[in-house]
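Trainee: Chains as they are written, first to last, in the working numbering: chain Y, 1 to 446; chain R, 1 to 1083.
Mixed in with the good hints there might be a few duds.
[Claimed, not checked] Residues from chain R shown here face chain Y by an in silico Cβ test under 7 Å; the list is partial: (1) 52; (2) 329; (3) 336; (4) 340; (5) 404; (6) 409; (7) 626; (8) 627; (9) 898; (10) 925; (11) 927; (12) 929; (13) 930; (14) 932; (15) 934.
[To be verified] Here are the in silico distance ranges between beta carbons for each label pair: (16) 270(R) with 172(Y): 53 to 59 Å; (17) 245(Y) with 270(R): 46 to 52 Å; (18) 354(R) with 245(Y): 51 to 57 Å; (19) 39(R) with 224(Y): 51 to 57 Å; (20) 277(R) with 245(Y): 40 to 46 Å; (21) 179(Y) with 833(R): 47 to 53 Å; (22) 39(R) with 242(Y): 41 to 47 Å; (23) 91(Y) with 910(R): 53 to 59 Å; (24) 458(R) with 224(Y): 56 to 62 Å; (25) 39(R) with 251(Y): 40 to 46 Å.
Treat the hints as calculated values from the structure; they're not laboratory data.
A quick note: this is a predicted structure, and the numbers were derived from the prediction, not measured.
Yeah, the Cβ is synthetic: ideal placement off N, Cα and C, and Gly gets one too.
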Amino acid sequence: MRKMMMRFGSFTALCLAVLSSCSEPPQPISISPDDFHNSVDQVTEVMIHDIFSPPVASRIYAYPNVAAYEILASQSEEFNSLAGQVRDFKGIPTTSDLQVNHELAALIAHMDVSKRLIFSEDRIESYQDSLYGVWSKANEAEFEASKKYGLEVAEHIAAWLDGDNYKQTRTMPKFTVQTDDPSRWQPTPPAYMDGIEPHWNKIRPFLLDSASQFKPLPPPPYSMDKGSDFYKELEEVYAVSQEITKNGDDSEEIQIAQFWDCNPYVSVTRGHLMFATKKITPGAHWIGISKIASRKADYDVMNTVYTYTHTSMAIADAFISCWDEKYRSNLVRPETLINEHMDDSWQPILQTPPFPEYVSGHSVVSGAASEVLTGIFGDNFSFNDNTEVPYGLPIRNFKSFRLAAEEAAVSRLYGGIHYRAAIDNGLDQGKALGQHFLNTLEMRNN
Amino acid sequence: MNRGLVLLLSFLLLASCKEKGILFDSLEADETGLAFENTITETDDLNIIDYLYFYNGGGVAVGDINNDDLPDVFLSGNQVSNKLYLNKGNFQFKDITDQAGVSGSSTWNTGAVMGDVNGDGLLDIYVCAVVGILGFDGHNELFINNGDGTFTERSAEYGLDHDSYSSNAAFLDYDLDGDLDIYLLNHAVHTQESFGKAELRFKRNYETGDKLLRNDGDHFTDVSEEAGIFGGVNSYGLGLAVSDFNQDGWPDLYVGNDFHEDDYYYLNNQDGTFSEQMRDYFGHTSRFSMGNDVADINHDGWPDLISLDMLPEDEKVLKASEGDDNFQILKLRTEQYGYHFQYTRNMLFLNQPGYDYAETAPLSGVAATDWSWSALFADFDQDTEQDLFISNGIAKRPNDLDYIKFVSNEQIQKKMESTRLMDKEALELMPSGKVPNYIFKGMGDITFSDESERWMKQDSLISGASALADFDGDGDMDIITQNLNSTPIIYKNKTNEKANYLQLAFTYTDKNRFGIGTKVFLYHNGKQQYKELYTVRGFQASSEPVLHFGLGTAPKVDSLKIIWPNGTYQTLSNVDANQKLIVEMQKTQPFDYASLLPPNNNLFEKVENNLYLDFVHKEDSYIDFHREKLMPYLVSDRGPATVMGDFNGDGKKDIFFGGSKFEQAQLYLQSDTSFVASPVASFENNKITEDVVAAMGDFNNDAKDDIFVGTGGGDFSNQAPALLDLLYTQTDSTLTKTVLPEIFENTSVIAPYDYDSDGDLDVFVGNQSVTGNFGAVPESYFLKNEAGTFQIDPVNPATTLGMVTDAIWVDLNGDQSKDLVVIGEWMAPIFFLNENGTLTQKKMTFGDLHGLWQAITAFDMDGDGDNDLLLGNWGDNSKFSASDKAPMRMYVNDFDKNGQTEPIVCTQKNGAYYPLEDFDELASQMVFLKKKFPDHKSFAGKSIEKIFEKAVLEESQLLEVHNLRSGYLRNDGESFEFVPFNNTLQVAPILSFCTFDFDNDGQEEVVAAGNYFGVKPYHGRLDSFSGTLIKNESNMIPGHLLGLDLGQKSVRHMNVFEHQGATYLLVTFNNEKVQVYLIKKPQ
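Pulled out of the complex, with its shape left as it was, chain Y reads as follows (with noise of 0.2 Å):
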């Protein structure tokens, strides 16, 4: 399907380049919606590869969406800049060159960021190339003229965001366990990971005045007291779990459950041989949705641009939100103490994600990219979810993005790998978030 779509993308600018040599006047390049679709797909795809945690992917979203936002926001009546809007964004330079296609710029400087925050940039820079060659031979002024403007703004919005503070927490000290403490977190089977990003709260959001703005309701108490509220809860889950094990992989909820794993890296050890099972991470399911949205309301570049921008910053500033409180209350996963104290040979559903568990992330960030969608498209915007199919997941249909949201929320429940407490105070979160930022930030009039 996409490999389609970029086929057919680049016969278009091949007509246009056969056409351009008749001596003809050179025509404008045309930007489609696709080609945005196809961009940041390129990054969903290059991200997979190189294995950016979730929280990390978040932020490479947002930021080529930003520059790719701005530039084509500068020509819209309708739509209004971020400069001040957020945090420490002072806007990008104008062009006076009448020569740029800003929506050619925009897509330019898309791919350029993208390019700087992953790691395999051989595959960007290939997609990149490409188009390049069919875009220089279409009209090779707009292209050189549109080119040289969006490389510009793309290295103004890098010197922006290399103020995030990203490159200071790679150094800070990595997560202590701390194992005489039985309500802490520790690593989990079976690759025993390190806690990751447990300093992504001292990243800067785009929105939120700090990552604790929306600090949740801490969780139940710890207690294996069999009465206790954090108890029940763990029995909730042990339950749950044998209960649809029972009913066997086609029962809805393992359905539910794997449909929504979007865990980056899930490793899978047999004797010496290992490998991993990669996927899309949770705020990259919640760009695909997005994708599905702004194309069944048939949306146009700027649009298009529009909701992956806003979606993605609230997604971006989500996780910074989450992995605030994860590193905070620090709670132990249900596969630790399922383990220690009811079986020790139960293995969750899903694999346990290497990072402590309250909040769940994708309550937080289905909420948040929920409310936001919601904000944009309206409610009871029903959409075909095949965000999962190249990773062999079948289609689910959704009513709204709230109902999509409550189910990624609940799927982690079945899935083995948190409690009710931070599925539920975690959605609130999530959606209080997201209405944040529809009410806060001002980019579409209307």
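We have chain Y already, so just place chain R on it with the hints.
Mentor: Relative to chain Y, chain R alone:
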């Protein structure tokens, strides 16, 4: 020269190097007739993803089945039929499988061993099989030798038809009833998805649990449970060694388990049962344990042991493969899940009689031999030292990091989803692991020299099971290897008459004709050699039942002591070399095994009640690696401080113990009968500090002992008050804190001395590190005492000497005033001459002695009346390596320009410098590396110059180490010369010296002690030093022979004190309870 001739010559040269080694010729199937090929066929239903030991290969058993004095060869096949070859002499073999009836009927055969099961004097063949998974059918098969070239499969009759996951079996007479029992090694197939608790080993499981099978005459009885043999679902048994490890006359066992399950060390209780005592005798073991072997490599008459693992030597493979656990996971596995310390490399264990094993593989040079299966000790060149052959190779490297992270996903995912299988196409993408086999020459000083490229042809095979035999009867030991997807190789030993040998075979009893378990002590030219006869060695194999000794140039053996399994012995004298002697029991006498134990000349005796000193140092949980991931070792675990003095004015010596971070310091007052903890208010107020060192002295000239505490811990930074050192002065009956100059540093040494001769004690304060900036050098200080008040000495200002760890005041120039010697890490000893209170650095001429120095003391080593300087260094038994030619380097720079420096330690390999840390660890600190090297393949094998830009390296701070060996600076009057200690003192860092006349001979001696655990898992734990009593240059006695128990513990301080008229030694450890020894003072 004619170009064609050059070509021809180089071709000839090349050809001759390729086909032949100096010591061995490689004989292939077309020469030997050994056409057996263990072909492995991967199918969609059966491959490495379905069966974790798919590439482990078959077995090889060697022995003379037809009593023609020529060892014959049996080879078992995984998916192909077994083969039996008769040795026709001159390395010619004839396939007699069909006639013999030994082709076997199990689906998947593994280990193969020969032994006389029914006591008829003929070698039978026992073949193990994996049965019960993946449709594998059959059972272990016992081919009883009919003596006429035919065999009959009679496993059921003997109760040996086990249908479980067997990998090997060994013959031993564990109950000394005269017949041969069997230890059956099984392997787990547990999915490895989680560790599971170590207790799993107590729950017996038929398929995976090892079994002890007692020979009851006409059948074998499974006595595993009652004998105390573990049989859990977790035991990935691949290695099996039988030996009387503790020399009590009863055979013991070492079982090597793959993955996270600990290896097992079964000591024979002499009553039909075993006790597993791994933890008591081994500080750490190999992690992915494979084959192993036993031999006495240091001529002390005790069996030593090697256990193989899979650490690659080649940088290109090393850095592209999954390596050791990180510090935290190891902690989790040991502390939460109950496993012992295991590390991914070969382990060489030296048996320390009556004590634990010292592990010396890095020092000995045999730590990394890639994916290794079989180890075989033998004196191949017959120079009297044990050499070592290691077979290795793997068809596909499933731990290749790029495969795991980048390739596997796309390739496997689609297949897994549809069929849960992995297809061949995906397998093809795994890199091959064909590596030449290794052979090492024993050097006689517990080290080995890698002769792989010289002694034998470099193969490109996957060699697994291997066995020793003298195939051509010329006296030297040949080797046979079974190879995956290829025919066997015989390494024909060409030592011949270049050196002398003696072979011994035995005619023992009817039930054990070959004398399995017989021991031989052999003496020639004042040298002792020791061997015992167990044929199941290496991996999935058994060797010829002979003992082979190399004799060098000795034409004869002075004497031979042969100890039979029944505990009797006989002696042979003046035995000629170069023969195979068949020994029968004659004129035997009972052997006294106690005579093998080292004589009891204990100078030290552990005090039962520890004199009520119950101080247990508890290290805090701070881990430096979490803040500075690339630090080469911790600095936060250098405490606790210990100092003795009369701190309550009652005339008796009391003890001050420093606390770790947030742990209060402790004062123990000496009473008439014991030590009593006594609370001190000022200690409680300062519990936040980490008290690393302390010195006693009368700092305020009131004739009472005070305490000067140096604090640090590597955690507090900048102007943290906890970094301020503490001075506790004795006032009235308590200790109160007194103000000191504000010096915010991680202190490592407090050295008091009245260097300005004004009648009060001044202090040198040495500092080690700058928190958060490892490699940066802090200032060290001279504090001048003015009437009890310290000030930074204006005459001797603060100075950056290095990462200081210790210092000593000692008179070097005989002017009656003491001079100062300062040592530390990444620095050379620095000498300050004291000229009327002015301390001036003096340039020394002893060569470049940049080391990781840890401790210094003055002692007259050579008895010439002047002070030599004993220096404790890091030792040679870790991944660190350094020499003048190839110093170890540390580059310190803010490589990623984020305001935080990174220290990158590199060592030299084959002329280039490589970082010790792997790619993921480096890239986790410097993300830009992930852009520069998109996969592990592109990073692996890159030297530091290829990883970073030249300019960046040039602007980095460069620190070096030229020498890691402990030793002493011999004072030759005008100059000093560094003399390293011998290898037994280089097995771990030496952290502490203590001088006293321990043996009451009127001369002082020094006890040196150490061990250090603050290193990353790729080093292993540096735990193998049991201390040494140094009497003089040539007389040094290991601590375990004197009653000291310092192995596997990290010593920080040793203090001698008097109590109730007796003299004691107090030993303080990091993270451990203190020990008190009575010094027995022999008359």
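Trainee: Work down the list of hints and note, for each, if the structure agrees.
Mentor: Evaluation of the provided hints:
no., hint, verdict
1, 52, "holds, 2 Å"
2, 329, "holds, 5 Å"
3, 336, "holds, 6 Å"
4, 340, "violated, 17 Å"
5, 404, "holds, 5 Å"
6, 409, "holds, 5 Å"
7, 626, "holds, 4 Å"
8, 627, "holds, 4 Å"
9, 898, "holds, 4 Å"
10, 925, "holds, 6 Å"
11, 927, "holds, 5 Å"
12, 929, "violated, 9 Å"
13, 930, "holds, 4 Å"
14, 932, "violated, 9 Å"
15, 934, "holds, 5 Å"
16, 270(R) with 172(Y): 53 to 59 Å, "holds, 58 Å"
17, 245(Y) with 270(R): 46 to 52 Å, "holds, 50 Å"
18, 354(R) with 245(Y): 51 to 57 Å, "holds, 55 Å"
19, 39(R) with 224(Y): 51 to 57 Å, "holds, 55 Å"
20, 277(R) with 245(Y): 40 to 46 Å, "holds, 41 Å"
21, 179(Y) with 833(R): 47 to 53 Å, "holds, 51 Å"
22, 39(R) with 242(Y): 41 to 47 Å, "holds, 46 Å"
23, 91(Y) with 910(R): 53 to 59 Å, "holds, 55 Å"
24, 458(R) with 224(Y): 56 to 62 Å, "holds, 60 Å"
25, 39(R) with 251(Y): 40 to 46 Å, "holds, 44 Å"
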